[in-house]
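Colleague: Protein chains in written order, with the working numbering: chain A, 1 to 119; chain B, 1 to 108.
Read the hints as simulated data drawn from the structure, not as lab findings.
Treat the hints with caution; some may be incorrect.
[Stated by the list, open to error] Keeping only pairs whose Cα atoms sit at most 20 Å apart, straight-line, the calculated SDA-like set for lysine to any residue is:
hint, chain 1, residue 1, chain 2, residue 2
1, A, 45, B, 9
2, A, 45, B, 10
3, A, 99, B, 53
4, A, 45, B, 22
5, A, 45, B, 38
6, A, 45, B, 26
7, A, 99, B, 50
8, A, 99, B, 93
9, A, 99, B, 31
10, A, 99, B, 58
11, A, 99, B, 30
12, A, 45, B, 8
13, A, 45, B, 5
14, A, 45, B, 101
15, A, 45, B, 1
16, A, 99, B, 57
17, A, 99, B, 54
18, A, 45, B, 93
19, A, 45, B, 39
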Amino acid sequence: QLQESGPGLVKPAGTLSLTCTVSGDSISNSLWWTWVRQPPGEGLKWVGEISHTGTANYSPSLRGRVTMSLDKANNQLSLNLTSVTAADTAIYYCARTSKIQYYYYIDVWGTGATVVVSS
Amino acid sequence: DVQMTQSPSTLSASVGDTVGISCQAGRDIDRYLNWYKQRPGEAPQLLIFGATTLQSGVPSRFSGSGSGMFFTLTIRGLQPEDAATYYCQQSYTLQVVTFGGGTRVEIK
Numbered sequence: 001q002l003q004e005s006g007p008g009l010v011k012p013a014g015t016l017s018l019t020c021t022v023s024g025d026s027i028s029n030s031l032w033w034t035w036v037r038q039p040p041g042e043g044l045k046w047v048g049e050i051s052h053t054g055t056a057n058y059s060p061s062l063r064g065r066v067t068m069s070l071d072k073a074n075n076q077l078s079l080n081l082t083s084v085t086a087a088d089t090a091i092y093y094c095a096r097t098s099k100i101q102y103y104y105y106i107d108v109w110g111t112g113a114t115v116v117v118s119s
Numbered sequence: 001d002v003q004m005t006q007s008p009s010t011l012s013a014s015v016g017d018t019v020g021i022s023c024q025a026g027r028d029i030d031r032y033l034n035w036y037k038q039r040p041g042e043a044p045q046l047l048i049f050g051a052t053t054l055q056s057g058v059p060s061r062f063s064g065s066g067s068g069m070f071f072t073l074t075i076r077g078l079q080p081e082d083a084a085t086y087y088c089q090q091s092y093t094l095q096v097v098t099f100g101g102g103t104r105v106e107i108k
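The shape of chain A in the complex, shown without the other chains (with noise of 0.2 Å):
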């Protein structure tokens, strides 16, 4: 199970923090962790992975404002984007990419923790 928590109220050009935690798995046995958001009535939009060694690929649009990382002690991964603005209003759901050969997938997803951008 993945559950997503932070704060569900930022100020524009602050911080969004977010954690997943990972529970009845280890976040060290699976090969990505992914983050998505969705903006209110709009559909998937793909944030980032983060392997299982750390290794971290970023959504172009976001490169520059968006950190993702692992706290294996805690089994936890995280989520920071800075300099917000009201455009980053959305769910963001933490998910874990699994394979089967050379085919990639989101199989786990969290139930999404909603934040807004808002002063």
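Position chain B against the provided structure of chain A, taking the given hints into account.
Modeller: Leaving out everything else, chain B in the frame of chain A:
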């Protein structure tokens, strides 16, 4: 980025109908294509990976087809619980993963 285009954006059908959702990739992505279902207020769930492989626990009325640039999700014998938004996702370029814009399925 590999652009993913879904059509239609919305479709309306009756219980028992067979419906198809199309997904077109901006380049050849072989079979690195996944489908997800998202019901209102819920997180997405995986339906199909590798273009055609049904995820464990997903009803057999769901099927996927296609390769290269053109893919289809088919639902045979539409059920009320299939009312949802469906997304395709390419995993060909792992460094930048992209989703389609979504197709909303409504039950008449």
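Colleague: Confirm or reject each hint.
Modeller: Evaluated hints:
1. The straight-line distance between the Cα atoms of residue 45 of chain A and residue 9 of chain B is roughly 16 Å, inside the 20 Å bound, and the hint therefore holds.
2. A C-alpha spacing of about 19 Å is found between residue 45 of chain A and residue 10 of chain B, which places the hinted pair at or below 20 Å, so the restraint holds.
3. Proximity of residue 99 of chain A to residue 53 of chain B is assessed by CA-CA distance (about 12 Å); at most 20 Å being required, the pair is judged to hold.
4. The hinted pair formed by residue 45 of chain A and residue 22 of chain B meets the criterion: a straight-line CA distance of about 19 Å does not exceed 20 Å.
5. Restraint check for residue 45 of chain A and residue 38 of chain B: the C-alpha separation of about 14 Å stays at or below 20 Å, so the hint holds.
6. About 17 Å separates the Cα atoms of residue 45 of chain A and residue 26 of chain B, which keeps this hinted pair within 20 Å; it holds.
7. With a C-alpha separation of about 10 Å, the suggested pairing of residue 99 of chain A with residue 50 of chain B holds against the 20 Å cut-off.
8. Proximity of residue 99 of chain A to residue 93 of chain B is assessed by CA-CA distance (about 14 Å); at most 20 Å being required, the pair is judged to hold.
9. This hinted pair checks out: residue 99 of chain A and residue 31 of chain B have alpha carbons roughly 14 Å apart, not beyond 20 Å.
10. Straight-line distance between C-alpha atoms of residue 99 of chain A and residue 58 of chain B comes to about 18 Å, which keeps the hinted pair within the 20 Å bound.
11. Of the supplied pair hints, the one linking residue 99 of chain A and residue 30 of chain B holds, its CA atoms being roughly 16 Å apart against a limit of 20 Å.
12. With a C-alpha separation of about 19 Å, the suggested pair residue 45 of chain A and residue 8 of chain B falls inside the 20 Å cut-off, and the hint holds.
13. For the hint pairing residue 45 of chain A with residue 5 of chain B, the CA-to-CA distance comes to about 14 Å; that is within 20 Å, so the pair holds.
14. With a CA separation close to 9 Å, the supplied pair residue 45 of chain A and residue 101 of chain B stays within the 20 Å bound.
15. This hinted pair checks out: residue 45 of chain A and residue 1 of chain B have alpha carbons roughly 13 Å apart, not beyond 20 Å.
16. Between residue 99 of chain A and residue 57 of chain B, the direct Cα distance comes to roughly 17 Å. Compliance with the 20 Å bound is thereby established for this hinted pair.
17. For the hint pairing residue 99 of chain A with residue 54 of chain B, the CA-to-CA distance comes to about 14 Å; that is within 20 Å, so the pair holds.
18. For the given pair, residue 45 of chain A sits about 15 Å from residue 93 of chain B by alpha-carbon distance, which is consistent with the 20 Å threshold.
19. For the proposed pair residue 45 of chain A and residue 39 of chain B, the alpha carbon gap of about 16 Å is at most 20 Å, so the pair holds.
The earlier numbered hints are all upheld by this structure, with none contradicted.
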